[in-house]
Amino acid sequence: MPQTHETIPPQEPTLGSRGPLLRVENLTVDFHTYAGVVQAVRGVSFELGYGETLAVVGESGSGKSVTAQAILGLLPRPPAQIRSGRILFGGRNLLELGEREWENVRGREIAMVFQDPMTALNPTMTIGRQIAEGFQKHTGADAREAEEWAVELLRLVGIPQPEVRVRQYPHEFSGGMRQRVVIAIALASRPKLIIADEPTTALDVTIQAQILELLMELKTRFGTSLILITHDLGVVARVADRVLVMYAGEGVEWGTAEEVFAETRHPYTWGLLNSLPRLDKDRREPLVSIPGSPPNLLKPPSGCAFHPRCPFAMEICRQASPPEYRFLPTHGARCFLHHPAAPRIAPVVQGGDRA
Amino acid sequence: MSRVLVEVKHLSKYFYLRRGQVLRAVHDVSFAIREGETFGLVGESGSGKSTVGRTVLRLYDRTAGEVLFDGRDVFALRGRDLLRYRREAQMIFQDPYASLNPRMMVMDIVAEGIDIHRLAKTPAERRERVYSLLEAVGLTREHAFRFPHEFSGGQRQRIGIARALAVEPRFIVADEPISALDVSIQAQIVNLLYRLKEERGLTYLFIAHDLSMVRYLSDRIGVMYLGHLVEVAPSDELYRNPLHPYTRALLSAIPVPDPRVERTRERIVLSGEIPSPLHPPSGCPFRTRCPLVQPRCAEEPPPLREVAPGHFVACHLV
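As you go down the protein sequences, you meet chains B and X in turn. Just so we're aligned: the first sequence equals residues 1 to 355 in the numbering used here. Just so we're aligned: the second sequence equals residues 1001 to 1318 in the numbering used here.
Chain B with its partners taken away, still in its complex shape:
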């Protein structure tokens, strides 16, 4: 890589006086498999402020879920191997924690909302017990206090008759209600950070709208920061303060939601936005799809990983990995088109003004 994190100038103070809650620096994760080494995450860096929502966008295999699992210390090692990088959470490097110390972070300070509420819950435990389990362990509360808190949390996540529901089992809940329970479990220890991995993908669109509203409301109420992992750019536009677009294990563009959608700078982000039909526009235009398919990370392409699918690829893109180019303190992309010597290309997409 021509430019590592050390050469990047320090962040401008855009995150408020307290600095970032989470800072991921040059995270690199490999998986050792029978077929070879899968380079799942290849040098990702980003940060997240207190109370902020960061959306990590990418397709399957982009490394977004592996990044989340690394932040939660959930990667099975082996086969996973964290080759390099730091994950600074409130100043501590999480990658240096022992398993004991992890138990005080995982679930307590950083909690997870999983994609599939059907499999995230234990079918043999009442949901009250599942909510209370971590809370009791982390606070030493007794069973009665814990159940009262479980009832209160169920009320907060919008489950009717929480006193009754707290004693019921997961199979007695619908998909949307189960996802509310999963959110209640995540909130139980009042974590500073919640990572939600595709929290609405398994849900119908009217239920998805309910769950997104709920997440936003609770985030404000509890002052929690949120990392939302998703492939749905509509969801991103609705809830995100900041966006990180991932492709083939790398962060290719990042910025505030407005910057990434309206001042798009990376051809992959252009491609994603162009391949979506827009409901709020009247005319039907041909969809511009991204040709080809995402690369095999056993053998990532040389140079820029997107070059085999990029309509603007130049010779340099095949040879060298593009460095970071910054357009604003918060907005950057890894693409040689922004090199001063590169030809000027009119953006193919202008965010909101796309006809």
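Worth double-checking, as some hints may not be accurate.
Simulated pairs of lysine to any residue, SDA-like, Cα-Cα distance not exceeding 20 Å [unchecked claim]: (1) K299/B - H1149/X; (2) K219/B - S189/B; (3) K299/B - E1150/X; (4) K1197/X - R1170/X; (5) K1197/X - P286/B; (6) K219/B - R1263/X; (7) K1121/X - F1151/X; (8) K1121/X - M1107/X; (9) K1121/X - P1169/X; (10) K299/B - F1151/X; (11) K1009/X - V1067/X; (12) K192/B - G73/B; (13) K192/B - E217/B; (14) K137/B - G73/B; (15) K1121/X - R1087/X; (16) K1009/X - A1076/X; (17) K1009/X - E1306/X; (18) K299/B - S1152/X.
It is worth saying that the hints were derived from the structure and are not from the lab.
Chain B is already provided as a structure; the job is to place chain X on it using the hints.
This is chain X only, laid out in the frame that chain B set:
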């Protein structure tokens, strides 16, 4: 205007479960699809949209009602006529991982229908047909000698499309053909389906929960809720002027990929969830979640009636 190819009349499909329970998956649904037209059917899980598609293809028997193909009752077909319907009406499945036999080579997967319907006279002709089908869906002839596990999701969906096209169908039911695919691949498949329809004069029943993709491909759209068809309109009309309260909520629930639009947009967030089709509410199926509900909605089910040319809606309040 072209003539009607598929006509669904008062179609109902109930599943009879244990202990005398009846699951009313589809109830009194009527619509017609003209030759060369794409009719989109949208709805959430449990709305009955896939059951409609499967019943139209006679993968399920009906409980009541009729499906006419080219004017003939599909459920009355026997022998050679039924075989011919099986060739003329094809399906593209949702899950490209489950719908291809992992033990068969792509050549044999695509040629299975060619063999059954004896569409190739010689082995060489069979092979040439498969090659040209693979090329038509954006694959290459070398792919014919590989197995499904060697392909990505998008490529598998192309194989499924080639298989459907192999028997020269006139009508294709595509049941959520893109929802298992990545965003950048979805657009490829939608563009492919559109091109094939134009080239071959196909008629589609396109079933999906993603309203933005449905609008892109469809000429007219039907919205289903709890087994009922609640609104039917030309696609642009449906998006410009949705009349049923459920359609309005559904459209407003879809996030637009533009933060500036999203932040100012008014939204109808429905409370509650879709009721169980085992115990549907009396009267209007949507009344338990409808923001505009009136006492009469519980008493009588609203009929689907034409409120503007080509625009049908089933609601007492419209």
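Against the structure, the hints:
Simply put, K299/B and H1149/X have alpha-carbon atoms about 18 Å apart, close enough for the 20 Å limit, and the pair holds. A distance of roughly 14 Å separates the Cα atoms of K219/B and S189/B; the hinted pair therefore holds under the 20 Å criterion. Restraint check for K299/B and E1150/X: the C-alpha separation of about 16 Å stays at or below 20 Å, so the hint holds. Proposed proximity of K1197/X and R1170/X is supported: the alpha carbons are some 10 Å apart, at most 20 Å.
With a C-alpha separation of about 15 Å, the suggested pairing of K1197/X with P286/B holds against the 20 Å cut-off. Our distance criterion of 20 Å between C-alpha atoms is met by K219/B and R1263/X, whose separation comes to about 17 Å. In summary, the hint linking K1121/X to F1151/X is not supported, as the alpha carbons are separated by about 30 Å, beyond the 20 Å threshold. Using a Cα cut-off of 20 Å, the hinted pair K1121/X and M1107/X holds, with the two alpha carbons roughly 16 Å apart.
Annotation: proposed proximity of K1121/X to P1169/X holds, straight-line Cα distance about 19 Å (limit 20 Å). Distance check on the hinted pair: K299/B and F1151/X sit about 17 Å apart at the alpha-carbon level, within 20 Å; holds. Between K1009/X and V1067/X the alpha-carbon distance is near 6 Å, which keeps this suggested pair within the 20 Å criterion. For the hint pairing K192/B with G73/B, the CA-to-CA distance comes to about 16 Å; that is within 20 Å, so the pair holds.
Straight-line distance between C-alpha atoms of K192/B and E217/B comes to about 15 Å, which keeps the hinted pair within the 20 Å bound. A hinted pair counts as satisfied when its Cα atoms are at most 20 Å apart, and K137/B with G73/B qualifies at roughly 18 Å. Between K1121/X and R1087/X the CA atoms are separated by roughly 17 Å; this keeps the pair inside 20 Å, and the hint holds. About 14 Å separates the Cα atoms of K1009/X and A1076/X, which keeps this hinted pair within 20 Å; it holds.
Simply put, K1009/X and E1306/X have alpha-carbon atoms about 16 Å apart, close enough for the 20 Å limit, and the pair holds. With a C-alpha separation of about 16 Å, the suggested pair K299/B and S1152/X falls inside the 20 Å cut-off, and the hint holds.
Figure legend: structure checked against the earlier numbered hints; the only hint not met is number 7.
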